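Keeping the supplied structure of chain A fixed, place chain B upon it in accordance with the hints.
Protein chains in written order, with our numbering: chain A, 9 to 263; chain B, 18 to 98.
These are computed hints drawn from the structure, not numbers from a lab.
Quick caveat, the model's predicted, so the values are computed rather than measured.
Some clues are possibly wrong.
[To be verified] In silico contact screen, one side only, chain A against chain B (beta carbon under 8 Å); selected entries:
#, residue
1, Q153
2, G159
3, Y250
4, R256
[As the list claims (entries may be wrong)] Okay, the calculated bits of chain A under chain B, using three or more residues with CB under 8 Å as the criterion:
#, stretch
5, 145 to 152
6, 160 to 172
[To be verified] Ranges between beta-carbon positions, derived for each pair:
#, chain 1, residue 1, chain 2, residue 2, range
7, A, L51, B, V63, 17 to 25 Å
8, B, Q21, A, A89, 40 to 48 Å
9, A, S147, B, R39, 38 to 46 Å
10, B, R39, A, F208, 46 to 54 Å
11, B, A65, A, K260, 44 to 52 Å
12, A, D30, B, A45, 36 to 44 Å
13, B, K41, A, L51, 46 to 54 Å
14, A, F208, B, A65, 27 to 35 Å
15, A, Q56, B, Q21, 35 to 43 Å
16, A, F97, B, Q21, 54 to 62 Å
17, A, A37, B, V67, 19 to 27 Å
18, B, K41, A, S147, 40 to 48 Å
Cβ atoms here follow ideal geometry from the backbone N, Cα and C, with glycine treated the same way.
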Amino acid sequence: MRAFGLIIVLLTGGLLLWGVRDFPLFGAADSPANGGVVTAYYLQHTMQDARVPNAVTTVLADYRSYDTMFETAVIFTAGIAIFAILRVFDDRGGRRLRKSQDAPVKGDQYRIIVGTTSRLLIAPIQLFALYVLVHGHHSPGGGFQGGVIIGASFLLLAVARNLQTSLDRFPERRFLAMGAGGVLIYAGTGLLCMLLGRNFLDYGALQAVLPATGPEMARSHGIFAVEIGVAVTVSASMFAVYAMLASRGRLKDGL
Amino acid sequence: MIWQFDTLLLVLLIVAAVISLRIKDLLAASVVFGIYSFLMCLLWAVMAAVDVAFTEAAVGAGVSTLFMIATVYQTTRRSSD
Chain A
9 MRAFGLIIVL LTGGLLLWGV RDFPLFGAAD SPANGGVVTA YYLQHTMQDA
59 RVPNAVTTVL ADYRSYDTMF ETAVIFTAGI AIFAILRVFD DRGGRRLRKS
109 QDAPVKGDQY RIIVGTTSRL LIAPIQLFAL YVLVHGHHSP GGGFQGGVII
159 GASFLLLAVA RNLQTSLDRF PERRFLAMGA GGVLIYAGTG LLCMLLGRNF
209 LDYGALQAVL PATGPEMARS HGIFAVEIGV AVTVSASMFA VYAMLASRGR
259 LKDGL
Chain B
18 MIWQFDTLLL VLLIVAAVIS LRIKDLLAAS VVFGIYSFLM CLLWAVMAAV
68 DVAFTEAAVG AGVSTLFMIA TVYQTTRRSS D
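So that you can see chain A by itself, here it is in the shape it has in the complex (with noise of 0.2 Å):
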């Protein structure tokens, strides 16, 4: 039976590799992504269109904007599958789990190093995570990036210290609130555009509500806004993952 695998492993692996001599070579002018008429306009038009300097936030939230939305509910609907299958509410009557021997001991969060370096760096990590989403029109990241950071920076509040540390910090009811209400904001900003008359998602629309100087700028606001909305779907999620696992599902005595 190993051998029948790495048979089919080796044949299929052999497959792909065979695959990969029809594909252009790396960044050659003429392949599809880099020359098709999409692209040109995306790069030529990003900064009269929304101006933002970055393509890649202006084609993820703007241009193909409800990509990222699935995307979004995407993330919210696995945080929110994950807590559905190991989230438990009563303790009582169910099968005594075996403790790990590999269990955190008793009186472990007061390791001092530990404990004080990661609450010296838990502020100063948020901070960058609020850069990372602010700055997205400008530099590499935004919304998914920055989420992902501010969600991190309570997984290692968790993990110094306690699950319960963090979730004092970031219960229960809040980051499941905070998980649809990001999907909220994304879907709230393009049903805005709608109610002004223009179609799901132009932010143009905006520009009668946003202290903007024209449909650009306008646009540029909403890139931001559905950032935001990204970044608070996508922290409470990991977070939310996080606490189930760590915990069994019972958002106590976890890692």
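Relative to the frame of chain A, chain B by itself:
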């Protein structure tokens, strides 16, 4: 693209991938998988896909390694197969 750097990255990537699959200690396997993610992040950066590299560093190396470590702590540390 510097081919020596690329080759070194790819060799280390394959070594990290094989180690994380073969190692018996699941906690060590999670950590080696984090190393794999960091090498992937460097590869994305070499290919000028900085946004992807950023995401790989934050999600792949940071958060998902922690997810796996949290899961390992809830089960046994040694792999049985």
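Quick rundown of the hints versus the structure:
1. Q153: Result: holds, 5 Å to nearest chain B Cβ.
2. G159: holds, 7 Å
3. Y250: Y250(A) check passes; min Cβ-Cβ to chain B is 6 Å, inside 8 Å.
4. R256: holds, 6 Å
5. 145 to 152: That given contact holds, which follows from 4 residues of the stretch 145 to 152 of chain A lying within Cβ reach (below 8 Å) of chain B.
6. 160 to 172: holds (count 3)
7. L51(A) / V63(B): 17 to 25 Å: At roughly 21 Å between Cβ atoms, V63(B) and L51(A) fall inside 17 to 25 Å, so the hint holds.
8. Q21(B) / A89(A): 40 to 48 Å: holds, 44 Å
9. S147(A) / R39(B): 38 to 46 Å: Because 39 Å falls inside the window, the suggested range holds.
10. R39(B) / F208(A): 46 to 54 Å: holds, 50 Å
11. A65(B) / K260(A): 44 to 52 Å: Holds, since A65(B) and K260(A) (Cβ atoms, about 46 Å apart) stay within the stated range.
12. D30(A) / A45(B): 36 to 44 Å: holds, 39 Å
13. K41(B) / L51(A): 46 to 54 Å: holds, 50 Å
14. F208(A) / A65(B): 27 to 35 Å: holds, 33 Å
15. Q56(A) / Q21(B): 35 to 43 Å: Holds, at about 41 Å.
16. F97(A) / Q21(B): 54 to 62 Å: holds, 57 Å
17. A37(A) / V67(B): 19 to 27 Å: holds, 20 Å
18. K41(B) / S147(A): 40 to 48 Å: holds, 42 Å
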